[in-house]
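Trainee: So the sequence lines, in the order shown, correspond to chains A and B.
Per the numbering used here, the first sequence starts with residue 4, numbered consecutively.
Per the numbering used here, the second sequence starts with residue 4, numbered consecutively.
Careful, some of the hints might be misleading.
For chains that are exact copies, the list does not tell them apart, and a pair is met inside one copy or across any two.
Listed below are the simulated EDC-like cross-link pairs for lysine to aspartate or glutamate, each with C-alpha atoms no more than 16 Å apart in a straight line [stated by the list, open to error]:
#1 Lys31 / Glu78
#2 Lys82 / Glu64
#3 Lys87 / Glu64
#4 Lys101 / Asp70
#5 Lys193 / Glu176
#6 Lys209 / Glu145
#7 Lys133 / Asp150
#8 Lys193 / Glu145
#9 Lys209 / Asp172
#10 Lys87 / Asp132
#11 Lys30 / Asp70
#12 Lys31 / Asp150
#13 Lys193 / Asp172
#14 Lys193 / Asp171
#15 Lys200 / Glu176
#16 Lys87 / Glu176
#17 Lys87 / Glu99
Read the hints as simulated data drawn from the structure, not as lab findings.
2 protein chains.
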Amino acid sequence: MNCGVLVFPNVEELDFVGPWEFLGVWKKFARGPENCFLVAPSLTPVSCAKGMIVQPHISFEQCPVLDFLVVPGGEGTRKEIENKTLIDFIAARAAECKAVLSVCTGSFLLHRAGLLSGKRATTHWSSLDKLRALGDVIVVEERFVRDGNIWSSAGVSAGIDAMLAVIDDFAGEQAAGIVQFATEYYPLVKIYGNFDKNPQAPAYVKKAS
Amino acid sequence: MNCGVLVFPNVEELDFVGPWEFLGVWKKFARGPENCFLVAPSLTPVSCAKGMIVQPHISFEQCPVLDFLVVPGGEGTRKEIENKTLIDFIAARAAECKAVLSVCTGSFLLHRAGLLSGKRATTHWSSLDKLRALGDVIVVEERFVRDGNIWSSAGVSAGIDAMLAVIDDFAGEQAAGIVQFATEYYPLVKIYGNFDKNPQAPAYVKKAS
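Here chain A stands alone, though its shape is the one from the complex (with noise of 0.2 Å):
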């Protein structure tokens, strides 16, 4: 099995490491995928929106067929959904994928793709009416979201919980559980300030709190 997950300019570190973390874990203690790869049009090394600089493992050309994507999200979006390579390569692989991962405003990139059209899906609480504004996407204010292969996670961090999910759908709830248990990723549930019940807030937060 093949993993791949995009890279781009001013792409979010969290969006994408997150999920990247997870499926190594996957891939190293559980029988997951046997190849994972950061995945950009070129190998050119891409510099993320909080200055990180990542070398992609492998360009669109060199790219196996791929069994799990994920897009993450980022400003750098706003500028990709113009890339028409990098949204004919994200169509053309949701294709033949298990499951294709959203995190964040890469619901966008899903969107140009394609592949959202009638779809439940999410984006980042602060791009929830511009995800409506699409006019033909079902927007649901959960943390993640699966709609068929596609899922679709909240902003930065939500994309951690929805690959855990992802693995518990494919693998298991033991695999999943090997995960978790390997990344120790037993959450503190502390909310600093009162944003929880900020206007803007996803439903699901509110509803929490």
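Guided by the hints, dock chain B onto chain A, whose structure is given.
Mentor: Only chain B this time, still in chain A's reference frame:
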């Protein structure tokens, strides 16, 4: 203010990118440190434990005085603990820092740098006994712990919770809230499998289950 995040071969990806993301969001949205660097002995690209390759921003020699230092863990720590240049860097810079935060087995690097003797500290659950065996550390099984300006967190994902607590401590709850909201860090607490009841699970996980 300057913030350094240490990287070295076989560093665990999420150990450093979790805090990195939160530092970057703190900088961008809540008046955090002006400068955040990935710092390494040299500018040679670093291959991480799960295969990601990152480009350090500055070498030890180029590194300015630091206000915050993040010391991640991962398999690479087993080798780096013998790297005198790296250990000396941690020891020297920690003396200037408002806060030093180790994630996962990064605590062993802090210990070798002389920063944990007689102090309360923690690490990844699978290394708690090894940390105890050092003899001079008061090992606690919390998600993270602070002792003076030294903070240490449990495995991999715990660095995120600890970083947020450092921001709260240093810049106040409103700043931590802004970072939590922007990164949408309101995790789902779903337990997969029954690893939370594993004899090796740390006390804070057992207590919650």
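Trainee: It remains to establish, for every hint, whether it holds in the given structure.
Mentor: Hint check:
no. : hint            : in the structure
1   : Lys31 / Glu78   : between (31 Å within a copy, 13 Å between copies)
2   : Lys82 / Glu64   : neither (21 Å within a copy, 36 Å between copies)
3   : Lys87 / Glu64   : within (14 Å within a copy, 43 Å between copies)
4   : Lys101 / Asp70  : within (5 Å within a copy, 45 Å between copies)
5   : Lys193 / Glu176 : between (26 Å within a copy, 11 Å between copies)
6   : Lys209 / Glu145 : within (11 Å within a copy, 28 Å between copies)
7   : Lys133 / Asp150 : neither (20 Å within a copy, 45 Å between copies)
8   : Lys193 / Glu145 : between (19 Å within a copy, 14 Å between copies)
9   : Lys209 / Asp172 : neither (26 Å within a copy, 25 Å between copies)
10  : Lys87 / Asp132  : neither (24 Å within a copy, 53 Å between copies)
11  : Lys30 / Asp70   : within (13 Å within a copy, 37 Å between copies)
12  : Lys31 / Asp150  : neither (28 Å within a copy, 34 Å between copies)
13  : Lys193 / Asp172 : between (28 Å within a copy, 14 Å between copies)
14  : Lys193 / Asp171 : between (25 Å within a copy, 11 Å between copies)
15  : Lys200 / Glu176 : between (33 Å within a copy, 15 Å between copies)
16  : Lys87 / Glu176  : neither (38 Å within a copy, 43 Å between copies)
17  : Lys87 / Glu99   : neither (19 Å within a copy, 49 Å between copies)
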